[in-house]
Structures are given as structure tokens and as C-alpha cells.
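Q: Residues per chain, in single letters:
4 protein chains.
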Amino acid sequence: MTAQTPPMGWNSWDCFGAAVNEEQVKANADYIAENLREYGWEYVVVDIQWYQPFADSHEYQPFSELVMDAFGRLIPAPNRFPSSANNTGFKKLAKYVHDRGLKFGIHIMRGMPRMAAHKDLKIKDSDFTAKQVADPNSICFWNPDMYGLKCESNEAGARAYYDSIFKMYASWGVDFVKVDDIAREYPRCRKEIELIHDAVKNCGRDIVLSLSPGPAPIAQAEHLKANANMWRITDDFWDKWELLLDMFKRAEEWCTHAGPGHWPDADMLPVGALRQDYNPDDRTRFTKDEQITMMSLWCMMRSPLMVGAHLPKNDEFTLKLLTNKEILDIEKTTHCAHQLYRTDSEIAWIAPSKNAKTVYVALFNISDKKRKLVFDLSSADLSGYADAKELWTGKKVPVLDDKVSVQINAHGAAVFRFDC
Amino acid sequence: MTAQTPPMGWNSWDCFGAAVNEEQVKANADYIAENLREYGWEYVVVDIQWYQPFADSHEYQPFSELVMDAFGRLIPAPNRFPSSANNTGFKKLAKYVHDRGLKFGIHIMRGMPRMAAHKDLKIKDSDFTAKQVADPNSICFWNPDMYGLKCESNEAGARAYYDSIFKMYASWGVDFVKVDDIAREYPRCRKEIELIHDAVKNCGRDIVLSLSPGPAPIAQAEHLKANANMWRITDDFWDKWELLLDMFKRAEEWCTHAGPGHWPDADMLPVGALRQDYNPDDRTRFTKDEQITMMSLWCMMRSPLMVGAHLPKNDEFTLKLLTNKEILDIEKTTHCAHQLYRTDSEIAWIAPSKNAKTVYVALFNISDKKRKLVFDLSSADLSGYADAKELWTGKKVPVLDDKVSVQINAHGAAVFRFDC
Amino acid sequence: MTAQTPPMGWNSWDCFGAAVNEEQVKANADYIAENLREYGWEYVVVDIQWYQPFADSHEYQPFSELVMDAFGRLIPAPNRFPSSANNTGFKKLAKYVHDRGLKFGIHIMRGMPRMAAHKDLKIKDSDFTAKQVADPNSICFWNPDMYGLKCESNEAGARAYYDSIFKMYASWGVDFVKVDDIAREYPRCRKEIELIHDAVKNCGRDIVLSLSPGPAPIAQAEHLKANANMWRITDDFWDKWELLLDMFKRAEEWCTHAGPGHWPDADMLPVGALRQDYNPDDRTRFTKDEQITMMSLWCMMRSPLMVGAHLPKNDEFTLKLLTNKEILDIEKTTHCAHQLYRTDSEIAWIAPSKNAKTVYVALFNISDKKRKLVFDLSSADLSGYADAKELWTGKKVPVLDDKVSVQINAHGAAVFRFDC
Amino acid sequence: MTAQTPPMGWNSWDCFGAAVNEEQVKANADYIAENLREYGWEYVVVDIQWYQPFADSHEYQPFSELVMDAFGRLIPAPNRFPSSANNTGFKKLAKYVHDRGLKFGIHIMRGMPRMAAHKDLKIKDSDFTAKQVADPNSICFWNPDMYGLKCESNEAGARAYYDSIFKMYASWGVDFVKVDDIAREYPRCRKEIELIHDAVKNCGRDIVLSLSPGPAPIAQAEHLKANANMWRITDDFWDKWELLLDMFKRAEEWCTHAGPGHWPDADMLPVGALRQDYNPDDRTRFTKDEQITMMSLWCMMRSPLMVGAHLPKNDEFTLKLLTNKEILDIEKTTHCAHQLYRTDSEIAWIAPSKNAKTVYVALFNISDKKRKLVFDLSSADLSGYADAKELWTGKKVPVLDDKVSVQINAHGAAVFRFDC
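Which chain is which? The protein sequence lines are A, B, C and D, in order. Take any residue in the first sequence, count from 1 to its spot, add 551: that is its number in our numbering. Take any residue in the second sequence, count from 1 to its spot, add 551: that is its number in our numbering. Take any residue in the third sequence, count from 1 to its spot, add 551: that is its number in our numbering. Take any residue in the fourth sequence, count from 1 to its spot, add 551: that is its number in our numbering.
Each hint should be verified, as a subset may be incorrect.
Repeated chains share a single entry, so a pair holds when one copy, or any two copies, can fit it.
Calculated pairs, EDC-like style, for lysine to aspartate or glutamate (alpha carbon to alpha carbon, straight line, at most 20 Å) [said to hold, decoys possible]:
no., residue 1, residue 2
1, K752, D607
2, K905, D927
3, K876, D927
4, K905, D970
Keep in mind the hints are simulated off the structure, nothing from the lab. If you're wondering where the values come from, they're calculated on a predicted model, not measured in any experiment.
Start from the sequences and build out the full structure, keeping to the hints where you can.
A: Next up, the structure:
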């Protein structure tokens, strides 16, 4: 089964928008193989519009001609992905990634290209044509490329199209597909999610299915768990404190739904070098403390981790942030994590490990100044520990009178591991 | 100023759907000229998709090729409107109608044809192209033909397109344009309504502007009054008692907003021969009493009157229904009409005339059986009249003890005129 | 039938709060008889807590001992209403008012005094006791005196109590009862309203039934018309421009429901000397223009008129405001009034007269500066008049090109009468 | 600190309503001491209206005279609690309970008796009188006895009253107070909850504070955790499958908020002999399977356990249900419990133990027929166990292919303990 633990990897959106090219993907894959792979980072994901020859930033250009095959299936724009020449799609790029011990992923929009419908192309291995399958009323409100499919009124046709694209992705060697314009589109896209889930199952290759954008509705938790491996719980996340603070509420809401094969997703980590399409000097606006808070929360809640940085430009802090083995262990060894309490100035989370006498407690200083935070072990049924290890500093902290204390900077965090 | 009294005419939708052709339009124009014109009926309106060569019913066919000129302006499908050959548009058909002392109208969808945008056609008399003006995210949810325009982000371009089509309509001799997918689309289409209003004003011809579909939001009453001559107050109205009963509530809500140049519109009158595209024997499912109720309410509230019948198939009842001069007078001579009261079984409306000592009172039996309705004149400040005339029967009715009484069939109506 | 035209009179609340006494009531009755009666003002209404010996302002004092008889019926506090001594209730005060050609009214809260229930008093002319009839869960949220009655679960008992108090009021000579804590309490008080309506009908005397406080729900218009003579359409109205401006919206909403016997009520007129319990020098904070706007709107919409001033302190402006016969005529002679249009800076209302060729149009300048307002007669179906009379200035105004123009001060109004 | 684990005990409401008497309380205390104490059951709670001499069922009688002292504090009705004679309150009954190694609890309504306010009694150890402290507008909508206090406008007075009653309860030896008409009354009762919390803290005795009725709002979780030891998450729970099924949703919602000192409360357990005031033969309408489901869910979610039965009438099944030590251990040894998944026919919960390698998984068959349920350990990160113990049958169940299977009756449950 795929995604037994939360998927970890890199995604091109935060640093290159819709304009990423083959060379950039390779450079990041190389970096991961050398620096991050041993810590569990493995997916290399090409985000939106790899089929759009003219994409040059995070903006979309309506009514552009997208590259597609005779069956209305989008294929890489050869000017941006030269290895895709001769109708080989992403086969060669996937191999490049696989050769480095990593996995290869792509982003797609639900539906088919609008022009495939207007041209009424044939759907591969079926008697349907695009006109019969595309729904002229089902569009995406932030991207102009596609029509959704008639999943209810022509289920067989919609299924044929989704099968046709996932079989192609499998033949390319794709390991991860992020489907967009779908996770928050309940009830309208409920059936479309099911057809895509079926297409993944039938494509002949293990593929992690990721749904975007959020917020996915909490009332659909069981449907999402049954049909996808991860799904976004917020709209696009960026390097702003307000968005990070807001994530605590969503993490609390979703925490009981994380488990093997199904992971609520807090979105990419906007660290390091970002938005390179606009400004090659741009870097995350998060403070170091905020980045520590983000990593701590994502790990405690067991969110998938997809780093958004242009990795070769990582500084030392960023690299350390992404390679704290003891923090990353939380993702792999715990279950049943949840928020313990929240006040105006602090938040506490607990995550027990599955099979050993270890418990993690994270303390977050959400106030705007440095504060001393005190955690009372007895308030969480944890009496009896003699000391704890704080995992960002690596220091032992004594338990006095059933309490641990720690100074935390504004917007910062501490993560304690209690072992017995 | 246009539409000083509520516009009256014929519309092709109820009887022919999207499939009406030139011959049918002419046949109805002929009928109106001979039988209805003297009673005030004058507009002959060709409804939706006159530019779609393959339309054959009330259903729309997605991704069909629409007939348009080099500037992305829809023109009549010549297979359906032969007189439009040689790029003359509706010029000859309009002349045919004008020659009979009538006025000519058409239906359009807001926006431009989707394919005009994908082909990026030039916009007439401007430096804009379709790609710059069409909004890929602004579609209609029940018709697949068009993209709305970027009225906010490219106002000049959107204005150029709307000006270009209304100038063409003016050149054809169009007197009435019903714009669809717009009246209930507040706030999204607010600006689009204003640009269309401006295009009407600037096109060089008096054109009545009608907005569909409803329900238009009552909170936008003043905006609608400032920008259109009539606007729908319900979704499509058909020959079902529930819809007719429902109209009383909407009529009550909107009644104070009717006045010269601006008319809340209760939609077409589904009487006589309807849905001829499906079944040439189909006729209205309304009982005669229900049709009398409908005409009485539409006149009392001063709704525009657009008959939906294939007129040449009118029976005697239908013709009489449409030619009761004294009932139609209410449309032209009253103001300040409103509902007086409503119980579970009856409703009363009052409409005073503008310049004379005449008052109309309509009584509606909304129960499912024949009942005697009694109207107490004193309850409406009308004491003092000696008698009344009931306008559907033409009979005098005495006022006894300040009251008039009348037997009314289930779902039927009586309309009294009190003169002094 | 009562209240054939909107009731007009005086109410003690705005000037004396809960603390009004006999002398003050008489002084105002005297003033009305001498100065206002000939203009239609006739009701003299004693507002809330005439049974509370310690009332001294607009504030309520919880858990005070209220004066009541052995049957749990509140009677006037003799220290405040000496003429009520010897168990004569308001008989003598009513006579004083009647002797001046006026009518006498009182205010009551729905329900019975809380202490009547706790003491379990007998209910007059019935086998019920207070305990059986009072509903311990039905209280008023702004006044501590009463329990509502069990109108559903003990209808007979509740009916007996309401009959017992209205029979007493009839025996006193009461002509008008304002029942409070009830008009906006739908659906909870629906049945209570019906029982009070029945008690009025059965009490043996013509009594106008007025329901407070507002806003009564518009969805209950027909129930209100069937059960009361007037009902408040707002919460308490005071001398603030925001409240006056807000009234236009409510007036528009309710205008079609005004008619003989049933009047939407815009609340008392806070003019002249007000809040005398706090400060004998206090006067209305409305500008003169605002007072003209208020009177114009109240008359156009045919609201009841209840003046809140301590009348003997009227200045010349206030007296003139209340005695403009031509303005007051609108209340008695029109019907079918409604708002014509509203912009950010002006509002227009129309009111046709019932039986003659006269129409009133009021123009309101709701902006914060003096402006010229132009009214286009053709926009309201009124073409053809040669001139108009402005009723606050008494001046003729010519109609030029189908238009009348007038300079109006900030927050002011003009009212035109068009005669043919 | 009180309530380190979820409180367990007996409450008089389900079996005796408002009418319980001293003898009945003692009989149940005796039974607990002999049969249940060793399993952790310890609180003996006298529910509502022990101060009402005439209470005879689950119904309330409005306007009855309640027994109170000179300071407006309710004291036991001596006809029902003879040991309270001579102003000793519950002192002797508490001692009786304490002598059996148990703890004593009472129920109160927030606020003070209505008549204390109307009589304006003095408040003990303060300069306030009842009139100043009672809020005439703050009543309970299902019980007629009390007025809430002016916690905002006279905080000192309200505090004085609550201090005065809790000091009395402490002097009686009360260990547990269930305050009613308060837990779902946010935001209105927010401050009242805080004052009661303070009164508990200041009364000089460890008292568990329990708030009713539910549903308490989830948005107030942190306020509840800070101010009370337990609070109801539903309205009154009774022996109906629909209510039990509904509890799963609420349990899921609240599960992350259970912890030492603060427990979401799923309400009393309606098992055994119930509603004895109406019918001495009445017993729970739950099937045995439903009772097992209820006990399993309450323990997994760590709800307080308050049995509603008249215990001396327990049959063997009921006694066994309440004395399954291994099931009750879940309440004391786990943390971080939550729902794993839910389908139309089944629900799974997980609860890891705090300090050992033990995990509990409960499977619930919510369908209406017997079914085989299969639990895949890998889906919950639990791979590696060789077998499990089912705690209701006491049987070992093998783990085959990472799965356990079990036949469960309609509405029944199984609880597995996995040990390593």
C-alpha cells in the first residue's frame, strides 16, 4: 500500500510557479539525492502547466495552446522539457529521478483540455469522443485550461478518459500525482474523485494520489480517506505568520484523520529560495523561529512534507531544518497526535509513539514576544518522567515537580521527547 | 424614452425552444398584425441560439460550431434564417416585421462565443482581441456557448465588444434585446449590466433592454431600474399552478418598483400551442381559470406581456384572453398597484388609475374549489361606490353594504373596475 | 370599525418614561383639546408601569411591588394617579379626557404580574388560579414585571385572564390599548396575540389594539392585519438621524400593508420637550429639517401619529409641525403609497388620493448638504400637470418640461400636491 | 487536583427524577459500597430539586414553595430528607456516604430561588441583598425555580452569593456539584461559570465541578477545560439507539479534549431499573448489545461514568456490565483516544495506553444486523502484534495477515487489547 507514512519530497511551485523546466527539476533531484534522501525525502514533483509552452511565472495565460496528443492528453511542452521529444513524455525525466533513488511526481488539473473538447478528439481505447465526455459547465475558477468531465451523466466516458491518462503516466514511470481543482469541490467533484481513484488503482503502478487545493471539507473526511492518500486542508500556504497561525486550528480539526495511507496535508513548506521566476534573490519571509514552528507542527500532525525551496540555494539553516532526524522521526513513529490546549499566547500538542514508551510534546509560543512556557506533565497524564530531550537544541531538560520549562522566542517552538 | 408602458409581444421560446426558424417567426408576426396589434401587442422576439445551425429543440448541444463573423459577433444561422444570407443578419426579417407595424427583437447571451476567444479574433473598431476581453472563468451554467467579458479588469475592451454587437443590432433594425444569463448574476455581472446598458444607449437606436433569467435580487431594484427596461423576477415560468401561485409572492415583493421605463417581468405567458419542437399537439396545461388568473395578475402588477404560444394555432379562448381590452387597459392606465391581503384561500390586489376616479380590484381564488369571494370596499378605503364592472364577464356587480360578492372557480379570478 | 384612518394622539413615554403622573396626563390632554384636536389628534395614552408606585424615570426597578387587585390585575398606583383611589382605576382620568372630546389609552405588558403567579391569586370569573395560567418560562427580556400566559397549554385559562383585564379596561372607559413585549415575539406569542384580539372584541367597547415593540416580522403581515389595528415596525424610535434614515427602508417594506383598521406603526414622534424625567430642559435633537422629513414620511406611509412631546412646552415650530392640515390630509385621503426610487442622496415617495385626481409626491434629501432635487413626472406616470403645491412652504411650483425642482436642506423634505 | 481520571458514580435522576429521597440514596450507596466500589465507582449524587417538598416525578411544578434558609440558600426538603432536620443540611447524609468509603454529590441550578429575590433576602456575609444580585431576565427555560445572577453588572454580589452556597456545601461535606442550566448557555453564562469555578476553589474543600446540560459548544472547549472538571456534550441521554448512535459524532468531536481534570461528559448510563417514579417495573430499553456499545464508547472516549439505575434492582447482566475491570481500565490508563474510521455500518476507535506497549481498538457494528467486522492493523500503524484479547468475551483472538476478525451482533461492539 502506498503512503504508509506521510510522503516527503520537493515540489516546483513555490520556487518556479508554472514555469519550471527540466534543468531545474534535475538540479533539485540531484540536491535531494546528495543531501536529503537519507532523511526520508524522496518525491520530486513537477507542478502545474508542464504542458504550456509559454508559461513564465506563477500567472496563467488564458486561451494559450497547450501541448496534447491526438487523444486529448496533455504532454510535456518540449521547449521546457527537451527530454520529452519524440513522444516519450516524462519517461526520461522520471528515469533520471529514479536513477538517483528517488520517486517522480506530476501535477494535473481535473478534466481535459478545453480545446480537446472543442476539437472533439477521440478518447484512447474507447468509442467516446471528447465532446461526449467534457462538461462545458465544469470549469476551474482560477485556471483557464480545462473542462471537468461528465462523471455522472457519462460515467463510462469519463472513466475512459481518466484511465487513458493514468495509464500513460504509469508508462512514464510516475509515482505521485497531485490532482488540482478538486479537493474542496464537494459535492460537485465527489464522483470525479472516485473515478480518479479508480484510474490510479487500475493503472498498473503504485501511485500516490494527492488532492488539491484546500480546504477540503472536514465532513468528507471518510470519503477522502477512502479515495486519496493526501488532501489539502487549507488554501495555498505561503510564508506569512497569519497563515501559519491559522494552520493550528485546521491541524486540530483534522488530526484524528491521519493514518497509514491517508494524510491531511498542510501544504508545501515555503522555506529557502522561493519565487525565483519573479526574483532570484527572493527567500522565505518566515523568521527562523517561525520555520521551526512550522516544521514542528507539520511533524506533530504528521502532515506530508513537500519542500518548496529551490534546494541548491539552501543555506545552512534551511538544510539543518530539513535534516533534523529526531524531529522527522515523529512523522514515522507516532500516532494519535492532537492539541492539548491553546491559550492566547501558547499552544501544546502531544504525540505518543506507537510501539514504545516515548511521547512527544510540542510547545508553541504564538505570542509576539519571547516567553517562558511551562508544561505540566500531570495535565496530560504524563507524570513520572525524570527528564526530556528538546529536539531542536538537542538538550536534556529536567522535569521538576512534574513540569518542564523553556524560553521560546516569539512565534517559536520547542519539541520535547519523553523516554522511559 | 423606451418602454413607457410595459412592453407587449410574442417570444419564440415557449413554442419552439432554441429551434425557431424564419418561417415560424413570420407566421407569428403575420398573426399579430392581423389579430393582436390593435390591442397593443407589438414586439416579435426571436429567442436563444438563432446562430446555432443544429439547434432542434429546447436542449443545447455543447461544443457546436456557432455562426459568427470575423469579429466574433454571432450572426443568424443561414440554414434557419435564409434571409440572413450575404451578411445581412436580421435586416430583412426585421423589415418584414416593421412592415407589419410591429417591432423586432432578439435574444442574446451575455459575453462572446467561446470559440471567438480560443481563436483570438479581432474586436471590431478597436485594438483589442478576443483573448484580452473574454473571461475564461465566466461561463453560464445552463448554456455552453459563451464566455463572459472581463468587465472589471479590461473595461475598455469589454465595452468595445458590447458596442460592436449593439451597433450591428441597431444596423439590423432591432428594437428589443433580451440579454440572458445576467439578471440574477449579482454581484458578478453588475458591471456587465452597466456596459450593456451603455452599449444600448450608444447604439443609435431605441432598443428595449430586457434582462434574464430571474429571480433578479430585490436588493438590486434601483440598479435594475437605472440600467434596464425590464428584468425577470422568477426563474423560467411554465404552465404549472405551483409556479403561478408562487408568482403572487414575487409580484407583491416587486410591485412598488414598476413604472415608466422599468418593469419587473413575470416572464412569458405559456398559453395556446406550446413546445411544438417536441409535440405539435402540445397545448398549455393551465386551465382556463388559471389563464385568467395569470392575465389578471400580470396586468394588475403591470408586468410586460410576452405571449409564448405558436399564435396561428390559437383557439378562440386564447385569442379572447389576449384581446380583453378592458383588462389590458390596466397595464396602461394604473399605478401604485399592490396586494391588499392574502389568506390560505384568496388574494386581493388593488390598482388605482393615474388620472381618473377609477380603481381596479382583482380577487383570486387560490383554493382548489369553487368559492364565493366577498370584497369589503371599506377595508381598502373604497367606500362610496354604487357598483362595479367585472371585466372578464363584462357584467355589472352591485355594491351592497359596501361589499361586492362573486363566485370564482378553483384557481380563477375576477377583476372589478370601480368608476365614479 | 376602529382605526379607519391612522390613529393620532399623544403618548407619555418619550417625555416622562415610566414615571408619568395624573397631573402631567391632564396637562397634555388640556393642550390637545385646545390646540390639536381640530387637526385630528385625539388619543391620550398613558405608557408603561402606571401600576408601579416607585417608577421615577425611563428605567425599570426589578422586584418592586406592583399595585394589583385580588384577581392579579394591575391597577393604577394611587400615589401617582390619585383619582384612582377607591378602586376606580382609570375611570376618572378617562372621563377627564373624554370630557375634552378626546380618547383615553393605556399601555400594558402581555401576561400577568409575576407576583400574582407566585401568590397564586384567583382569576376573576373563572375557576382558574394564576399558577395554572402563568408560564414561568415566558418573560420579557427588558422589563421584569410579568410572566406571559400558557396560551397553548391552557388556552381557556389564558383567555379568562385576558378577558378579565379587558373587561376592566372597558369599564374604565379605555379607548386604546398598547400591548408590549409582543409584536416581534413571533412565533412564541402568535396565540397570545389572538387571545388578546379576542379579549378586545369581547370586552364590550371599541378599543384600538396597538402592538409593540418592533420590528414585527414582515412575514406575519397578514396575521397582524387580522389581529391588531397597528403594530410597530421598528425597535424604539428616538431623535437620531440614523434611526430616521433607517425608517425609509422599513416604510418601503411595509407600505402595501397599510389600510383601514390595520396600520404599520413607525413609532412615536420625538419632537418638542422630551425626557423630562432626566432633564426638564431637554428637547428633541432632530433639526427642523429632520422633523419635516419625519412628519412627511409618517404621513406618506400613513403611519399612526403619536406625539412624544410634553406638549405644554411646545414652541411655535413644533405646534406648526403638528398642525399642517394639508400634510395631515395625506393620512386621511390617500391609499397605495410607496417609494418611487432611492439613490445615495435622495428618496421619492408617491401617494395617490383615493377618490379624486390628486397625487402627492414627497422628495427627501438624505444627503448631508443642501441640494437641488428634480422630480421627473413622466418617470411616475404623472405627465400632464401644470403645477404643484409644496405643502410645507405653501408655495406653487411650476412644472417645466414635465419636471419640478426644489432646493432642499440637508436631511430635509418637500411634499408636492398635484391637483387636476 | 480533582478528577485526575474520569469521575465514576451513581446519579438519582434516571431512576427517581426530581423525587428521590434519603432512603433511596442510602440504598444505592450501600449497594455501591458492597458491589461497585472496588471497581472505581465512588460518587453518590442527589440530582435536581432536593429542596422541593412536593416533587413526585420527573416533572417540575411551577411556583411551588422551595425550602430555603434566611439567606436565600436552598436546603433539603425535610419531608424527603429527614436527616436534614435542625438545619444540618446534607451533613448527615454525606457522612453516611463517606462512612462507606464513597463520595457525596449534589445537583444545583445556577442562580438563586426566584422567591429569594422577590422577598429580597440578605446574602450571607455580605452587604448585598437578593434583589441586587438576581437578574429578573435570566431564567431557565425548562425549570421554573431560579433567577440567574447579575454576574456582569454586579459581579461582587453574584460572587458573594455563589461563595455563600459553596461554603455551605463544603461544610456539609459535599464532594461533587453538578450545576445545571449552564453548560450550553454560552455566551450568556460565561462569567457565571467563572464565578462558580472561583466559588469551588475558595470553598475550602475539593469539589468536582460538573456542568449541564449539553451540548456545550465545542468552540468553548478551552474555557470549559479551564473552569470545570466535566461538562455535558449532549442534551439528556436516554435509552434510545438514535441517541447512542448520535453520541459517536460528539465523541469524535470532543475526544482530543479529554485529560486529567477536564472530561467531556456523555451523560448518565441508562441501564438497569429506570424511571421508578412512573413504573417500578421499568427497565432500560437498550438491548444488551447496545449497553455493551455504550460502555465501550464511554470508556474509549474516557467519559465520566454515572450510572442511572436503581442499583439494588440490578440483574446479573447489569452488574457484570459495570464491573468489567479490563474495560474500566481503559478509563484510567489511556490517552489520545480517537475515532479511526466510520462507514455506514461500522465505526472503529483507538486508544493507546500512556506508559506501556498496550493499545485498545474498539469495533462497533452500527448496522441493524449481525456482521463480521475485520480490522486491518496496518491501517492504524499497528502492524506486528501476534494476537489480541477481546475484553467483553475475555477471549484471545489471533492476528492473521495483520487483521483481526469478529462477529458482532446488531448495535454491538468488541474491544480488543493489543499487548506486546
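Q: State for each hint whether it applies.
A: Verification of the hints:
1. Proximity of K752 and D607 under a CA criterion of 20 Å is satisfied in neither setting, with 34 Å inside one chain copy and 42 Å between copies.
2. With identical chains, the CA atoms of K905 and D927 are at most 20 Å apart between copies only, with a shortest distance of 15 Å across copies and 22 Å within one.
3. For a Cα distance limit of 20 Å, the shortest separation of K876 from D927 qualifies neither inside one copy, at 26 Å, nor across copies, at 29 Å.
4. In this assembly of identical chains, K905 and D970 lie within 20 Å of each other by CA distance both inside one copy and across copies; the values are 13 Å within and 12 Å between.
When each numbered hint is compared with the structure, violations occur for hints 1 and 3.
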